[in-house]
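Protein chains: 2
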Amino acid sequence: MKFDILEFDQQSSARAGTIATDHGKIQTPIFMPVGTVASVKGVHQTELKNDINADIILGNTYHLYLRPKTEILEKAGGLHKFINWDRPMLTDSGGYQVYSLSGRRKINEEGVNFKSHIDGSSHFFSPEFSMEIQRKIGADIIMAFDECTPYPCDYSYAKNSMHMTHRWLNRCVEYLNENREIYNYNQSFFPIVQGSTYKDLRKESAEYIASIGAVGNAIGGLSVGEPAEEMYATTEIVCNILPKDKPRYLMGVGTPINILENIALGVDMFDCVMPTRNARNGMLFTAHGTINIKNKKWEDDFSPIDEMAITYVDTYYSKAYLKHLFAAKEYLGKQIATIHNLGFYLWLVREARNHILAGDFIQWKNKMVKQMDKRL
Amino acid sequence: MKFDILEFDQQSSARAGTIATDHGKIQTPIFMPVGTVASVKGVHQTELKNDINADIILGNTYHLYLRPKTEILEKAGGLHKFINWDRPMLTDSGGYQVYSLSGRRKINEEGVNFKSHIDGSSHFFSPEFSMEIQRKIGADIIMAFDECTPYPCDYSYAKNSMHMTHRWLNRCVEYLNENREIYNYNQSFFPIVQGSTYKDLRKESAEYIASIGAVGNAIGGLSVGEPAEEMYATTEIVCNILPKDKPRYLMGVGTPINILENIALGVDMFDCVMPTRNARNGMLFTAHGTINIKNKKWEDDFSPIDEMAITYVDTYYSKAYLKHLFAAKEYLGKQIATIHNLGFYLWLVREARNHILAGDFIQWKNKMVKQMDKRL
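Chains as they are written, first to last, in the working numbering: chain A, 88 to 463; chain B, 88 to 463.
Simulated from the structure, these hints should not be mistaken for lab results.
You may find that some hints are simply not true.
Since the list can't tell identical chains apart, any single copy or any two copies may satisfy a pair.
Pairs of lysine-lysine residues, derived as DSSO-like cross-links and limited to a Cα-Cα distance of at most 30 angstroms, are as follows [unchecked claim]:
| id | residue 1 | residue 2 |
| --- | --- | --- |
| 1 | K331 | K416 |
| 2 | K162 | K331 |
| 3 | K168 | K384 |
| 4 | K461 | K331 |
| 5 | K136 | K156 |
| 6 | K136 | K290 |
| 7 | K383 | K89 |
| 8 | K381 | K202 |
Since this is a predicted model, take the numbers as computed values, not measurements.
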């Protein structure tokens with residue numbers, strides 16, 4: 088994996104770059120649509136490429152391990168081949184999903200025992216096992232097995248958890264040093280900074296993560312309920328410590344505004360279920376604010392979904408039609424809204440990149456943040 | 088509306104023709120995908136045009152009347168504009184859906200009182216009102232308001248019902264003579280033959296319908312549970328009476344085999360929820376038989392969904408991937424299966440047409456009927 092920074096913004100920590108992987112290039116800043124169980128819900132792979140223009144998509148190790156199961160993915164020759172996606176992919180470590188199974192999992196130094204949300208069967212994830220599964224899934228970027236602390240989280244828990252995450256990181260690295268990729272392309276490993284919202288812990292964690300010398304680094308444990316200001320303050324501390332010449336990935340973030348603010352702080356990569364999940368609930372993101380398409384006021388508004396026409400659905404279908412599809416519980420509504428929202432998120436990061444390259448990122452960002460903070 | 092027959096098959100009653108409407112041409116024999124509530128479930132209009140190659144789609148008056156409501160469709164300028172579909176459309180009369188509301192509707196000479204399946208509200212459909220709604224929906228082909236009898240149906244009920252259907256037909260015709268289209272294109276009206284599976288009733292009904300001199304005619308009340316042989320026997324009687332130079336539409340039929348057999352008997356148009364509904368349940372139709380994609384045996388079969396590659400999904404995705412999507416309840420599975428099945432149905436009627444034109448329809452039909460009668 089190779090990361091080239093084409094431009095550093097002069098008024099902020101934003102950067103425009105390119106990550107080269109064996110499955111092609113990723114232009115940063117980038118947003119990665121989430122394809123939890125080997126599918127971005129309701130969207131064809133061809134639409135992700137041709138309409139949404141996604142450079143990279145994300146898969147969830149926990150879900151893929153349970154279904155279709157690691158063995159099937161290995162037989163298929165990896166997730167890329169299984170779903171027929173020839174661009175880059177990233178997998179999380181399974182940690183976040185496992186911790187979300189509250190009451191159904193037990194954490195100890197060795198790893199995490201948990202019960203499947205599908206059939207209640209018992210399973211065990213360790214740092215080594217997460218690496219093994221991720222090697223078999225075969226994403227271009229694979230993530231360290233960490234503990235994601237909740238918000239709020241008391242100081243001593245956050246500190247102990249962070250140290251365990253660091254010990255687990257060492258085990259991941261050791262496993263990967265002894266076990267090479269099983270497919271004919273490179274898989275890059277990103278460690279993850281934790282430490283909740285405690286500045287000293289984040290500083291310590293970022294320094295430890297930086298010392299690993301990985302090709303890219305991630306910030307975990309944010310977008311878990313903390314106020315946006317705490318998120319930005321934490322990102323800022325961490326980005327100032329993580330190496331400037333390596334991509335920085337802020338996990339699970341966020342709203343369009345969160346994304347622009349974090350780009351300004353030096354983040355290069357994002358993922359979040361918000362554009363897809365909210366789409367399925369009838370919430371559309373636009374450059375001028377959000378739309379609840381289920382609202383009665385759209386029922387005879389025959390104007391295009393979004394005059395900006397970022398994707399073809401924006402002008403192919405009207406607000407009234409989309410409102411009807413949601414009212415009638417027709418799945419096409421969710422499909423259209425998902426294409427719209429992902430198209431918008433991808434447009435947003437591409438525009439951010441263009442403005443970083445053009446040197447007017449902060450002015451544009453401030454205008455957009457104001458403009459998007461509305462309900463239409 | 089203009090119907091040109093390009094070729095009559097020499098060994099059967101099959102014909103290859105073209106129906107010209109103000110929204111373009113329909114090549115017959117044709118299959119019409121069902122878009123019940125202003126959407127073919129899980130399929131974009133662009134996919135219907137570009138991937139499935141549908142010449143015409145069907146809307147259901149009962150469903151559209153309830154949602155989005157006739158008023159909204161009229162404000163939109165008709166259903167074509169509402170859903171952005173510029174090719175031909177057909178609407179049923181609402182009769183079939185209303186009768187399906189067993190225990191929730193009462194029929195008398197005037198029309199049908201029924202309660203909405205959505206909110207239990209009371210409504211009344213008469214022949215005149217069905218015509219009025221269909222004018223406002225604005226399909227290119229609109230259907231008479233008839234009673235569809237169940238199977239089995241006792242003789243006297245079938246006879247009385249058929250006579251009421253004929254009286255209702257007169258009221259439809261009278262209404263349409265006095266009320267012109269409200270949009271700037273022609274709407275063609277098809278009357279419907281009823282009479283259950285009684286030969287004398289079907290004969291009487293077909294003669295009455297033929298006497299109307301409509302631009303096209305339909306056969307209703309079949310595919311309601313009768314054995315295939317009774318369906319074919321009924322179609323044969325009716326087709327021998329309905330005018331040869333007008334399109335014949337067999338409503339609600341059927342399996343791929345039903346379609347080929349009825350083409351041989353002189354039917355030009357078909358619609359059925361089978362390819363779409365069965366797709367959503369994981370059943371795929373192919374030229375070599377049906378596939379239950381939920382079957383465990385496909386879980387590591389990485390071969391294309393269908394080597395015939397009629398639509399792009401057939402080779403873009405594998406059986407193992409599609410099986411996984413169904414197992415994981417990912418909606419993309421239903422989307423893929425629906426595109427496959429509709430693509431196959433449209434391929435089947437296009438091939439039938441090509442073989443009628445080439446003069447070897449019956450040989451091809453017999454081979455296909457045998458070949459498709461399998462479970463893979």
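At most 30 angstroms between C-alpha atoms: does K381 with K202 qualify within a copy, between copies, both, or neither?
Between copies, since 25 angstroms is at most 30 angstroms while 36 angstroms is not.
Between K168 and K384, at a C-alpha cutoff of 30 angstroms, which is it: within one copy, between copies, both, or neither?
Classified as between: cross-chain Cα gap 19 angstroms, same-chain 44 angstroms, threshold 30 angstroms.
Is it within, between, both or neither when you check K383 against K89 at 30 angstroms Cα-Cα?
neither (50 angstroms within a copy, 41 angstroms between copies)
For the identical chains here, do K136 and K156 meet the 30 angstroms Cα criterion within one copy, between copies, both, or neither?
within (25 angstroms within a copy, 36 angstroms between copies)
Which holds for K162 with K331 at a C-alpha limit of 30 angstroms: within a copy, between copies, both or neither?
neither (39 angstroms within a copy, 57 angstroms between copies)
Between K136 and K290, at a C-alpha cutoff of 30 angstroms, which is it: within one copy, between copies, both, or neither?
Neither way: K136 and K290 sit 38 angstroms apart in one copy and 56 angstroms across, limit 30 angstroms.
My question is about K461 and K331: at a cut-off of 30 angstroms on alpha-carbon distance, are they close within one copy, between copies, both, or neither?
So K461 and K331 fail the 30 angstroms test inside a copy (34 angstroms) and across (62 angstroms) alike.
For K331 vs K416, is the C-alpha pair at or below 30 angstroms within one copy, between two copies, both, or neither?
Intra 47 angstroms, inter 42 angstroms, cutoff 30 angstroms: neither.
In the structure shown, a violation is registered for the earlier hints numbered 1, 2, 4, 6 and 7, in ascending order.
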